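Chemist: Residue strings, one per chain:
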Amino acid sequence: MDRLGVTLGLGAGALVVAGLWMGLVQAPPDAVQGEVQRIMYLHVPSILTAYLAFTVVLVSSIGYLVRGTRGWDRLAHASAEVGVVFTAITLFTGAIWGKPTWGVWWTWDARLTGTAVLFMVYLGYLMLRSVVEDQDRAGRYAAVVGILGFFDMIFTHMAVEWFRTLHQPSSLQRGTIDTALKLPLNVNLLAFVVLYAYFLARRLRLAALDEAVEARDLGE
Amino acid sequence: MRGRNRQILIGGLVILAGIGYLIWTGTQQALVYFYTPSEIQAKEGERMGKRIRLGGLVVEGSLTHAPETLGYTFQLTDGGARIPVRFKGIPPDLFKEGAGAIVEGQMGPDGVFDADLIMAKHNEEYRPPSGDRPSPQELYRSLIKRERS
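Heads up: the sequence lines are chains R and P, in that order. Taking this note's numbering, the leading residue of the first sequence gets -9, the next gets one more, and so forth. Taking this note's numbering, the leading residue of the second sequence gets 647, the next gets one more, and so forth.
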């Protein structure tokens, strides 16, 4: 477990450094937006990683409701926490990217609104967990939110296809990104996924230790 | 325990109210984030005086700029209708002829859209600059060189 954590941490660190170098130095600027487009290398990987995190929340929430074992609940909790962090990074980098390109930090179009709701749903998920004292009840309540939140994620992702928005559609999905810019994006995406795995492993270990301490205190 | 339950209830209500508000504002303005020029033209009277968003492409050759008043006039089109727009202020850098733009404001009585906010709408295409024009990096380097010499 610990060796896995260290390996993931070193791997994530190396990949993030490589990704930043590729995104900030090696990649050419965008023809239309110029240098400011480079923020894509943080913005897109962070939301895709958040999608991954919330998908893990969905699967482990269902797992917990079906099996009722602590492992599933810990996985859902840990993944939701990491997902919230990556969603926050997405919102911040999006605002920083929006001002120089669109001219506004924020606007209430369907994609941006959906992302804000996504952030709040999983923040609510974490709050719900911390206010319900009984561990199993907290896990069950949270699992319901964790499953419902997934639908907002789908809505948010598809909003740019379904509705008129200021936000442009997905370049990766439409294949409208040049290879010279796509390779750095893929490296950064890999870096963020490994970073997610590292955070998740650390958070799971912390949760296991937490529960062990609690069990020992109750035993005494 | 009772105080705890009340905390949960209040917390839950605050979250529900927040989500409800976002969904309400969302369905009010986000699902139809902007109207097209054709839609504006078809129902001009209906939306007169209401604060709305209008989105389209800036018609080539329609953009005029008065530097002393920061005034801009241009037309937005969706291929069909064209709506003239008036704006005073500083538009975003990506705002130019032939590019996408969304403006906020209201239809004036003279049929000109009074905008107080311009947002540039870019598409999902990303590519390196083509060879015939210098990239921003090259431009930057050439600036440095000129300063030094």
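In short, the hints are calculated from the structure, not lab data. Computed from a prediction, not measured in an experiment: that's the story for all the values here. One should not assume that every hint holds.
Claimed, not checked - Cβ-to-Cβ under 7 Å is the rule here; a few derived chain P residues that face chain R: (1) 651; (2) 652; (3) 657; (4) 660; (5) 667; (6) 705; (7) 706; (8) 708; (9) 709; (10) 766; (11) 767.
What the hints assert, rightly or not - Label-pair restraints from in silico Cβ distances: (12) 773(P) / 124(R): 53 to 59 Å; (13) 120(R) / 667(P): 19 to 25 Å; (14) 725(P) / 95(R): 27 to 33 Å; (15) 657(P) / 198(R): 23 to 29 Å; (16) 78(R) / 769(P): 24 to 30 Å; (17) 756(P) / 95(R): 29 to 35 Å; (18) 173(R) / 658(P): 44 to 50 Å; (19) 138(R) / 678(P): 22 to 28 Å.
To be verified - Here are the computed lysine to aspartate or glutamate pairs in the EDC-like style, where the Cα-Cα straight-line distance is at most 20 Å: (20) 89(R) / 739(P); (21) 89(R) / 714(P); (22) 742(P) / 762(P).
Yeah, the Cβ is synthetic: ideal placement off N, Cα and C, and Gly gets one too.
Chemist: Does each hint fit the structure? Answer for all of them.
Modeler: Comparing the hints with the structure gives:
no.	hint	verdict
1	651	9 Å, violated
2	652	10 Å, violated
3	657	6 Å, holds
4	660	9 Å, violated
5	667	10 Å, violated
6	705	19 Å, violated
7	706	16 Å, violated
8	708	19 Å, violated
9	709	16 Å, violated
10	766	6 Å, holds
11	767	6 Å, holds
12	773(P) / 124(R): 53 to 59 Å	55 Å, holds
13	120(R) / 667(P): 19 to 25 Å	23 Å, holds
14	725(P) / 95(R): 27 to 33 Å	31 Å, holds
15	657(P) / 198(R): 23 to 29 Å	27 Å, holds
16	78(R) / 769(P): 24 to 30 Å	27 Å, holds
17	756(P) / 95(R): 29 to 35 Å	32 Å, holds
18	173(R) / 658(P): 44 to 50 Å	46 Å, holds
19	138(R) / 678(P): 22 to 28 Å	25 Å, holds
20	89(R) / 739(P)	10 Å, holds
21	89(R) / 714(P)	25 Å, violated
22	742(P) / 762(P)	17 Å, holds
In terms of the numbered hints stated before, the structure departs from hints 1, 2, 4, 5, 6, 7, 8, 9, 21, listed from lowest to highest.
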